[in-house]
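Participant: Sequence:
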Amino acid sequence: MAIRVLQVVTIMDRGGEETMIMNYYRHMDRNKVQFDFLVHRQQKGIYEDEIEALGGKIYRAFPIRPWNYNKYNNWLEGFFREHREFEAVHAHILENCGFVLNAARKTGINVRIAHSHLAQIGIDIKYPFRIYGKYVIKKCGATNLLACGEEAGQYLFGKQAFKVLPNAVDLSLFSFNPEIRLKKRKELGLEGKFVLGNVARFHPVKNQIFLIDIFKEVVRQNSTAILLLVGVGEELKNVRNRVKELKLEESVRFLYVRTDVNELLQAMDVFVFPSKLEGLPLSLVEAQAAGLPCILSDKVAKETAITDLVQFVPLGVGAENWATTVLSTKNIERKNSSEQIKKAHYDIIENGNWLQNLYLRKNNE
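Once you know that position 346 of the sequence shown is 346 in our numbering, the rest is easy, because the numbers rise by one and skip nothing.
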């Protein structure tokens with residue numbers, strides 16, 4: 001009979017962190033390990049139908065806030081007393097991770113995992129809340145500390161021992177495939193175009209407004225340029241307004257949430273990611289797996305460069321210099337980078353087996 005593992009998340013929408021969890025879920029032997037999810041939003045997440053089809057259950061909690069710590073903690077303890085079926089808890093939210101794992105410890109759950117997905121945090125209204133979350137994690141009794149990369153682990157866990165669990169990808173889906181590239185470019189009417197792409201949540205930290213300014217400079221030098229933007233979020237309206245202001249409506253395509261990101265990456269010529277703050281996002285692993293040249297800001301974790309396809313550009317050099325770097329990739333020949341991805345240990349098969357054994361308590365770590 002499969003053990004049940006509780007994944008603790010905000011909402012199971014198609015963000016990088018959630019997609020990473022689903023990648024691992026799909027590669028579990030579900031005769032041995034089954035995932036359930038504790039989400040903190042009432043609205044239905046995009047992945048919920050797939051989760052239930054795979055045999056998982058969805059439980060809903062209210063969001064943790066500084067004024068409801070006691071209420072949230074009491075709710076968690078009641079939840080774990082009621083649900084004794086979990087043999088492992090895997091917590092992914094900085095703000096509540098410590099609370100979740102402490103409640104799991106009190107009810108005797110043996111595998112309690114804290115997972116860091118951030119290399120740093122921005123200064124915003126949640127900043128004090130997250131700092132307190134870091135403090136609570138150190139006292140929560142986690143049995144295992146995981147991080148998406150070295151910088152994310154050092155940020156959250158400091159000198160405590162942690163294991164890097166990469167944001168791994170399925171190379172059978174993302175490796176460069178010239179036939180899929182031709183098919184997708186024809187489908188989207190991109191033959192003869194120079195195609196820039198960005199896959200990210202629309203948020204000020206992702207800096208898509210600046211990306212539009214960069215693209216304006218690219219178009220000024222290459223009229224065949226097209227920009228594909230994949231994602232949704234709070235900044236979408238502002239980005240649309242910037243596109244209109246710069247009269248780029250014919251060249252910028254908003255693709256929203258997609259299930260064919262692997263094929264869209266094949267259709268692109270360069271991936272541009274001028275984020276203001278970033279750990280090691282899954283989208284950049286996927287882009288490199290697809291053999292795409294990647295132009296990233298210097299605020300993205302350097303360990304993101306798992307292949308030789310990555311160039312870092314300072315945000316402060318301006319849109320024109322960014323455009324020059326983007327255009328310099330135009331004649332780079334696409335290649336299959338699967339072996340580089342495997343050697344860097346970003347293959348989902350290898351990492352999925354390791355994680356499954358962690359849940360089953362078969363690892364020595």
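Honestly, the hints are just simulated from the structure, not real lab data.
Where a beta carbon is used, it is the ideal one built from N, C-alpha and C, also for glycine.
Possibly wrong hints are sitting among the right ones.
Stated by the list, open to error - For lysine-lysine, the following DSSO-like pairs were computed, each having C-alpha atoms within a straight-line distance of at most 30 angstroms:
1) Lys163 - Lys330
2) Lys237 - Lys193
3) Lys342 - Lys362
4) Lys244 - Lys159
5) Lys159 - Lys343
6) Lys330 - Lys159
7) Lys163 - Lys276
8) Lys302 - Lys335
9) Lys138 - Lys106
10) Lys183 - Lys32
11) Lys159 - Lys299
12) Lys106 - Lys163
13) Lys106 - Lys330
14) Lys302 - Lys343
15) Lys237 - Lys335
16) Lys57 - Lys106
17) Lys299 - Lys362
18) Lys362 - Lys44
19) Lys244 - Lys343
20) Lys32 - Lys163
21) Lys57 - Lys183
22) Lys335 - Lys299
23) Lys71 - Lys57
24) Lys184 - Lys163
25) Lys330 - Lys342
26) Lys335 - Lys362
27) Lys362 - Lys276
28) Lys163 - Lys183
29) Lys106 - Lys184
30) Lys184 - Lys32
31) Lys247 - Lys163
32) Lys71 - Lys186
33) Lys57 - Lys193
34) Lys343 - Lys299
35) Lys237 - Lys138
Unchecked claim - Derived Cβ-Cβ restraints for the label pairs, each shown as a range:
36) Gln154 - Gln221: 47 to 57 angstroms
37) Gly233 - Glu85: 27 to 37 angstroms
38) Lys32 - Ser223: 48 to 58 angstroms
39) Gln160 - Asn73: 15 to 25 angstroms
40) Pro66 - Lys186: 50 to 60 angstroms
Participant: Against the 30 angstroms threshold, does the CA-CA distance of Lys183 and Lys32 hold or violate the hint?
Facilitator: 38 angstroms, violated
Participant: Would you check the hint for Lys343 and Lys299, treating anything up to 30 angstroms between C-alpha atoms as holding?
Facilitator: Roughly 25 angstroms between the alpha carbons, so the hint for Lys343 and Lys299 holds.
Participant: Next pair to validate is Lys244 with Lys159; report whether the Cα-Cα distance is within 30 angstroms.
Facilitator: 48 angstroms, violated
Participant: Decide if the proposed pair is consistent with the structure: Lys237 and Lys193, CA atoms, cutoff 30 angstroms inclusive.
Facilitator: OK: Lys237 and Lys193 at ~26 angstroms, within 30 angstroms.
Participant: Given a hint of 27 to 37 angstroms, does the C-beta separation of Gly233 and Glu85 actually sit inside it?
Facilitator: 35 angstroms, holds
Participant: Has the given pair, Lys106 with Lys184, been kept, meaning a C-alpha gap of at most 30 angstroms?
Facilitator: Judged against 30 angstroms, a Cα distance of about 52 angstroms means the pair is violated.
Participant: Just to be careful, I want the Cα atoms of Lys57 and Lys193 compared with a cutoff of 30 angstroms; is the pair within it?
Facilitator: 44 angstroms, violated
Participant: Holds or violated: Lys237 with Lys335, Cα cutoff 30 angstroms?
Facilitator: 36 angstroms, violated
Participant: Mind checking the alpha carbons of Lys362 and Lys44 for me, to see if they're no more than 30 angstroms apart?
Facilitator: 34 angstroms, violated
Participant: Holds or violated: Lys184 and Lys163, Cα atoms, limit 30 angstroms.
Facilitator: Roughly 38 angstroms between the alpha carbons, so the hint for Lys184 and Lys163 is violated.
Participant: Honestly, do Lys32 and Ser223 meet the 48 to 58 angstroms range at C-beta?
Facilitator: This hint holds: roughly 55 angstroms between Cβ atoms.
Participant: Please verify whether Lys244 and Lys343 have alpha carbons no more than 30 angstroms apart.
Facilitator: With a Cα-Cα distance of about 44 angstroms, the restraint between Lys244 and Lys343 is violated, given a limit of 30 angstroms.
Against the hints set out earlier in the document, violations occur for numbers 1, 4, 6, 10, 13, 15, 17, 18, 19, 21, 24, 26, 27, 28, 29, 30, 31, 32, 33, 35, 36.
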